[in-house]
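Undergrad: Now for the letters of each chain:
There are 2 protein chains.
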Amino acid sequence: MERIKPRTLSGFQELLPGRQIQFDRMLDSLRRTYSLYGFTPLDTPVIESAEILLAKGGGETEKQIYRFTKGDSDLALRFDLTVPLAKYVALHYGELTFPFRRFQTGKVYRGERAQRGRFREFYQCDIDVIGDGKLDISNEAEVPAIIYDAFTALGLERFKIRVNNRKILTGFYDMLGLGDRSGDIMRTVDKLDKIGPDKVRALLTEDGVPEDAAEEILRFIAITGENDQVLTALREYRGRSETFDLGLEELETVVKHLAAFGVPEDHFAVDLTIARGLDYYTGTVYETVMLDHPEIGSICSGGRYDNLAEYYTDRKLPGVGISIGLTRLFYVLGEQGYLNDDLLTAPADVLILPMTEDQSPAIAFATRLRAAGVRTQVYGEQKKFKAKMSYADKLGVPFVVFLGEDEAAQNAVKVKDMASGEQQTLPAADAAAQIAAALEDKRGGRPIREPKQD
Amino acid sequence: MERIKPRTLSGFQELLPGRQIQFDRMLDSLRRTYSLYGFTPLDTPVIESAEILLAKGGGETEKQIYRFTKGDSDLALRFDLTVPLAKYVALHYGELTFPFRRFQTGKVYRGERAQRGRFREFYQCDIDVIGDGKLDISNEAEVPAIIYDAFTALGLERFKIRVNNRKILTGFYDMLGLGDRSGDIMRTVDKLDKIGPDKVRALLTEDGVPEDAAEEILRFIAITGENDQVLTALREYRGRSETFDLGLEELETVVKHLAAFGVPEDHFAVDLTIARGLDYYTGTVYETVMLDHPEIGSICSGGRYDNLAEYYTDRKLPGVGISIGLTRLFYVLGEQGYLNDDLLTAPADVLILPMTEDQSPAIAFATRLRAAGVRTQVYGEQKKFKAKMSYADKLGVPFVVFLGEDEAAQNAVKVKDMASGEQQTLPAADAAAQIAAALEDKRGGRPIREPKQD
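Chains as they are written, first to last, in the working numbering: chain D, 52 to 505; chain P, 52 to 505.
One or more hints might be untrue.
One copy or any two copies: either way a pair holds, since identical chains are not told apart in the list.
To be verified - Keeping only pairs whose Cα atoms sit at most 25 Å apart, straight-line, the calculated PhoX-like set for lysine-lysine is:
(1) Lys445 <-> Lys467
(2) Lys107 <-> Lys121
(3) Lys434 <-> Lys245
(4) Lys367 <-> Lys434
(5) Lys107 <-> Lys434
(6) Lys107 <-> Lys185
In case anyone wonders, no lab produced these hints; they're calculated from the structure.
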């Protein structure tokens, strides 16, 4: 038979078993954090009508989207989880309860140019709170807490959530008489981290911003320091723009609730340079950076928007949401040595080696272990003892159980702790509980372990 | 702005929040059962090169597959999880440990004619054990235990696992001198349940099977009864075909281990009419039927095969696997009233209603509840009390917590059990643990609850 060379498309993550378990552990952790905040899980189709996905149209999206026909249907693969959410909420509006809080973790597709660390199929892990007409600022105040808990549960410590408010920016540009160009200006200012203040000033004046206004802008975005210092500096601008004043009030609410939410001050910063490019956002905006790897960019971003589903309904559906691109984050963490390799990645907690021809006692003991929640495999292949132990080693199974004639006769099992090498014979009746307890100890730890910085 | 009418493609499952939680609970339960048997999770791309997916080619697959080009690439969406597994094992052969036991739960795509209860995007929940060159019969013996545990954990009780062995059938047809036509004959015999013995006999003789052989075949597949009776009847045929004798020995091993695996006799039957259409299978084959809904057909099927990846590698990779089509099963269970609607489907366990302008005490208490693992939402919208309670009602939240000036001053919370209507004021310090304990009671029960049969 002619063989076809097996391959996986470039830009598509396909992990070996140990890595897959590490990935799934992170995914589970995020889902758990989102659940703890009362978000309901959602799962929408990967394929949608192209007309639906491209309702907004234009730009990179149109170029990158996977679009095709099947029969008469013009179809496409979702490129994010926000557009499907907008469709879902518009379509099922009458059956949902608002504020509608949903999380979704799923694969999205973008036919980007393939390069290291760039993915064409990747997981997004999103939450959104959608209001019906209105949505209280307290929802925006809650988001930093969710981000903080999400990364802390994963084991990340050295990160910072950076927050701004689009109304403060819009209001500020209104004051300068540049309100109609604030979108363009914010896109330029957003580059500050990458290109520095001088180039930002040059770009602004190139675009026709008067020099004194450009100077004013740079002075404004240079406002930094502790949250209180920044808020104090911002209060100087009050009374000149309603939008600004409202934005400042919102930002004050967000900052005020941090302590009650348990977010430490050093994990949070008001940062006036953040605008999140998109014109979509209208209130609080969020970015999250790893302190030791700022070059990675934001690992969790989002913000407040006023109209989730304007392309599908004339109802006003404001919301706030964030997104974590887990596939890329996982890749980067792996590259930078952040994955906690001490955690178990074996498919089973116990490998039972039957040493008798009749496997019944081994199977019966496996059944007992599983009933105690212990992941158990009976090794049934006809191999030499050495090959069996090598199998256990390669899988990284924490415990091996031997069941020979002697043990079967005594209704006992011999248990070997593969880490310590210790071996003991236990009554079969007690062994399951003892192994389950020992596993609890081995199961501690979080998916991420930060490397020691040199 | 012109609106586009929101819609979801037909044949694509999109659930409302409560149903989604029920679906996810079933998916989680299956993943847990598979994990308990030492299977490792795998997640392969949804998109593969069309050449890879269509290596086997022909038939329905080619017609139903979603295939498209992107740039120069000829791509397709996976139509099952077996072909991607074959590719995975062939590609990563050198990095895997055999027997390789993996489970995968993921969406697959088939552009079938749309009709009620038929899906174009649906979840398959698969396990496979792949050997390198050889694979012991004990793996085939283990499968009924996994099927039994999987459905029992879901809450299904009235089902039966039906098992046969392809070698018995092949050997039997060899005895009749019909060995070269056994594939065709088995496909005809497979229709017995649907068309009855007379039509099967007619079809067989139409296809050129001698009348006495057709009679012999019908007598053979009419062998039924308790497992021991069937095995005894089969032993009468021994000594006339090596293949038959080997198949019988394998079947005896499978039956023998049932007790040790904890599978009750009444949930298992040897059934000589099962052949699983495909020529792919070479040993034990499995089907699972709901006793009260045989019309649904098999809800979990699979079997032993000799060559997983013959299109990609010349290595012999025998295996055994089963698949559950969860989307269709879930749909059918819903239609037939099998979903346990008593289980919580609220996105949160506790909804906190702050009764003071300052939400800080409410947020601080929410933070405490989440630390105790309680899914908590703070309701922050500015609404009337009645609207707030109606929100809690609609979500089906089990507990509502009121936090007014009085409670805040006393460092207490007022907790309402929404099911009983009971209300009590508790010290904030104790409340989290008490609520967590009360939730344990409410969380019991399995995703499926069989309706009383009339």
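Undergrad: Failing hints, ascending?
TA: Checked against the structure, the hints that fail are numbers 3 and 5, while the rest are satisfied.
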